[in-house]
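Heads up: the protein sequence lines correspond to chains A and B, in order.
Once you know that position 199 of the first sequence is 199 in our numbering, the rest is easy, because the numbers rise by one and skip nothing.
Once you know that position 421 of the second sequence is 1421 in our numbering, the rest is easy, because the numbers rise by one and skip nothing.
To be clear, the hints were calculated from the coordinates, so they are not data collected in a lab.
Computed from a prediction, not measured in an experiment: that's the story for all the values here.
Just to be clear, a hint being listed does not mean it is correct.
Think about it this way: if two alpha-carbon atoms lie no more than 25 Å apart in a straight line, the pair counts; the simulated DSS-like pairs of lysine-lysine are [said to hold, decoys possible]: (1) A:Lys304 to A:Lys8; (2) B:Lys1017 to A:Lys90; (3) A:Lys118 to B:Lys1118; (4) B:Lys1090 to A:Lys17; (5) A:Lys118 to A:Lys424; (6) B:Lys1118 to B:Lys1424.
Selected chain B positions facing chain A (in silico; Cβ < 7 Å) [to be verified]: (7) Phe1039; (8) Thr1078; (9) Gln1394; (10) Pro1395.
Which bits of chain B does chain A cover? Going by a derived footprint, with three or more residues having C-beta under 8 Å, they are [stated by the list, open to error]: (11) 1172-1184; (12) 1326-1337; (13) 1344-1354; (14) 1402-1414.
Here a beta-carbon is modelled for each residue, glycine too, at the ideal position from N, C-alpha and C.
2 protein chains.
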Amino acid sequence: MNDTFFLKGNICHTPVKDRLDVHEGAYLLCEDGRCGGIFDAPPPALRAVPVLDYGDCLILPGMVDLHIHASQFAYRGTGMDEQLLEWLQKYTFPEESRYADPAYAERAYRIFADAMDKSATTRAAVFGTIHRDATLCLMDFLEGTGIISYVGKVNMDRDAPPALTEKDADSSAFDTFGFVNAAHKRGYRRTMPILTPRFIPTCSDELLSALSEVRRAYDLPVQSHLSENPEEVMLIKLLMPEAAFYGDGYDRFGLFGGDARTIMAHCVYSSAEEIARIRERGVWIAHCPASNMNLASGIAPIRKYVDGGLRVGLGSDVAGGQTESMFRAMTDAIQVSKLYWRYHDHSARPLSFSESFYLATKGGGSFFGQVGSFEEGFEFDAVVLDDSLAPHPQPLTLQDRVERAVYLGLDRGGIREKFIRGVKRGLDAGTS
Amino acid sequence: MNDTFFLKGNICHTPVKDRLDVHEGAYLLCEDGRCGGIFDAPPPALRAVPVLDYGDCLILPGMVDLHIHASQFAYRGTGMDEQLLEWLQKYTFPEESRYADPAYAERAYRIFADAMDKSATTRAAVFGTIHRDATLCLMDFLEGTGIISYVGKVNMDRDAPPALTEKDADSSAFDTFGFVNAAHKRGYRRTMPILTPRFIPTCSDELLSALSEVRRAYDLPVQSHLSENPEEVMLIKLLMPEAAFYGDGYDRFGLFGGDARTIMAHCVYSSAEEIARIRERGVWIAHCPASNMNLASGIAPIRKYVDGGLRVGLGSDVAGGQTESMFRAMTDAIQVSKLYWRYHDHSARPLSFSESFYLATKGGGSFFGQVGSFEEGFEFDAVVLDDSLAPHPQPLTLQDRVERAVYLGLDRGGIREKFIRGVKRGLDAGTS
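Next up, chain A with everything else stripped away, as it sits in the complex (with noise of 0.2 Å):
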């Protein structure tokens, strides 16, 4: 599978964010893994190449989540009503700490992976627990769906109940090391550590600092949270009184973007400075609307990101967001952006269809490289979505399909074939 082939159908995707681009009853060309470009029929010299044909579906670019907790997937749509330091120690703590039992991490992961499996997500930044056989499980089941991930251990060395709070910061740094250790060695093709300190609340300085070594040695990604809730970013100034903002915490220690590749979800209430810094580090910033309306959160000033050229994704953020679908990810961001104009800025023009769709695939896929668009070069991920499902009396355009599918959530029931890099869903990359 993992050679030359076409996919014939409806083609659409976001190569700029301003406008969906679609081709009707096209071909799409996969060379080893990458897109090597939309074609109205196979040019003379590719009239050998095998062509899959996918009828009247929809060819769009994989899902990228930006931020998900696999651990939290078990709870995922109860708990919904508490705002989010009360709701980590009520709902979140107590379920990961069900991680310690290998026999419990084994069953609720592989209940994730399968969902995630069946999602249009072929791209993904995961968080895990503390514990490194549980976290090394979930590994070894995302690798199993061909999603290409990135998966962390998470630290905590304070503030957390005992049996989330790691011994210390030598010891949660060490067994990092070992984890990252331990995942090189299992040889994934597709699942990749990345750093993983919860947020500055339960993280010393100590451990930030230590991270950043294990960091340095294995040229880890970083991927935390930032700025999601008033009373959090509070707090950072009581914890850490000489950081000149919450962002600042993690930059003094290395590890907020630079060489340092980072994730930063939510960003609600990031300063002026704060968005200065991660422009200059280029930081990823991983916008969950759906979490931050369930835990009261905010709404993170995203058509200021999107016009200010920063790095923008979005993340499904289970458990405080209900669902791993991006296509709701993308409409939640759309949605909270009316309500952000509506109520906070009204400067701040909502997000386009266009723009949320560039944001779920485009943008958040940088991360991974050239990944999140059909442009020629750019990895071959593809979700062939069969929107029939949704009938309709009258002519609908390819842009109007996309948008419905996007809206009705047709990434449930929908999806009718899966591609990761050039690889069929369920195949494995081996013959690569």
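Go by the hints and put chain B onto chain A.
Quick look at chain B alone, frame taken from chain A:
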């Protein structure tokens, strides 16, 4: 069917809004279309009553959709880039014009009715178009689903495209008279006409006055739109300067509660005077959170309405809202109430899950009588939901299961059976 039986399963409802009441593995008695009580085991006197055993399924009251436009269903999930008045001109009116063609109406309404049939909705207040025959066709289809509904032929005699503007007030009113007569003649058992002036911008004073006469003659209920969008509210001041506020514009013509049982959709920008009048006249508010996000209208002050003891239900408002799912409406209502608290009024506590569930069932149900709860004497509308399609590794309480089913939208794919006034979906009520 429509006689005496038990449903066995996990029975969950909200007799009061502050608590989801659950009964594990219990027996819910149906007697002649009404609830006869919830029992741990069949009482001795009722041992001969047949039991429909739904095992571990959830048994919930049927959902009540207080505001949905059947004629907009075809383009739901598309065209989400405009505010109300522009959206009507650009998307809604062109689509509604198609319903002049009976063949189109039949095709489109068949799709709508099929979707409603598959949904968790058992009661609905539905907008058609200005077209009498098309709206009767819609009623035929809805009658076939078993759903109990009010359906309105829309009235508009100004400020719309020519194809959607009725000739004048008298002809619009006379056509409505004909519509009501025809509906009565068809002998529906579950489908009733409702007076449906679209909103004041498209209804002249003469039309409202003439409709008031039709209303009184047939004792019709009324549905319309109120204070949805700031520009719309401004427009009313220009169009009807003598009205003290938007709702007064309806009230001056006897179309605002009191004798006229009335649903007003939205009420996002209702003034204190308007709210007082809504309470005084006992008008039902249809809160439509998805629509209010999609059209960037804003967020209705739902806490004020709920705590103030107003009559409130939820509406999907397709196609301002993108989906007919009332599960989705429930979670949207909670989510926007959190943003309202965060950005607009820190004294307005967000909706709890049980409050939102109450609005979607008993709150809206009260428009239909004793509907939306399993209390004794209430009409027997029940949905049997199999939530096992979303596996989980840990124990869940019944409360968690209901919240999860709603947040995950398990109304799609999870509905195993639906009973309306004691009649099983798909069975005709003829035996009653």
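Cross-check of the supplied hints:
1. A:Lys304 to A:Lys8: violated (37 Å)
2. B:Lys1017 to A:Lys90: holds (23 Å)
3. A:Lys118 to B:Lys1118: holds (23 Å)
4. B:Lys1090 to A:Lys17: holds (23 Å)
5. A:Lys118 to A:Lys424: Between A:Lys118 and A:Lys424 the Cα gap is close to 13 Å, so the pair holds against 25 Å.
6. B:Lys1118 to B:Lys1424: Judged against 25 Å, a Cα distance of about 13 Å means the pair holds.
7. Phe1039: violated (28 Å)
8. Thr1078: This interface hint holds because 4 Å falls under the 7 Å limit.
9. Gln1394: holds (5 Å)
10. Pro1395: violated (10 Å)
11. 1172-1184: violated (count 0)
12. 1326-1337: Holds: 4 residues of the region 1326-1337 of chain B have a Cβ under 8 Å from chain A.
13. 1344-1354: holds (count 4)
14. 1402-1414: holds (count 9)
When held up to the earlier numbered hints, the structure conflicts with 1, 7, 10 and 11 and fits the remainder.
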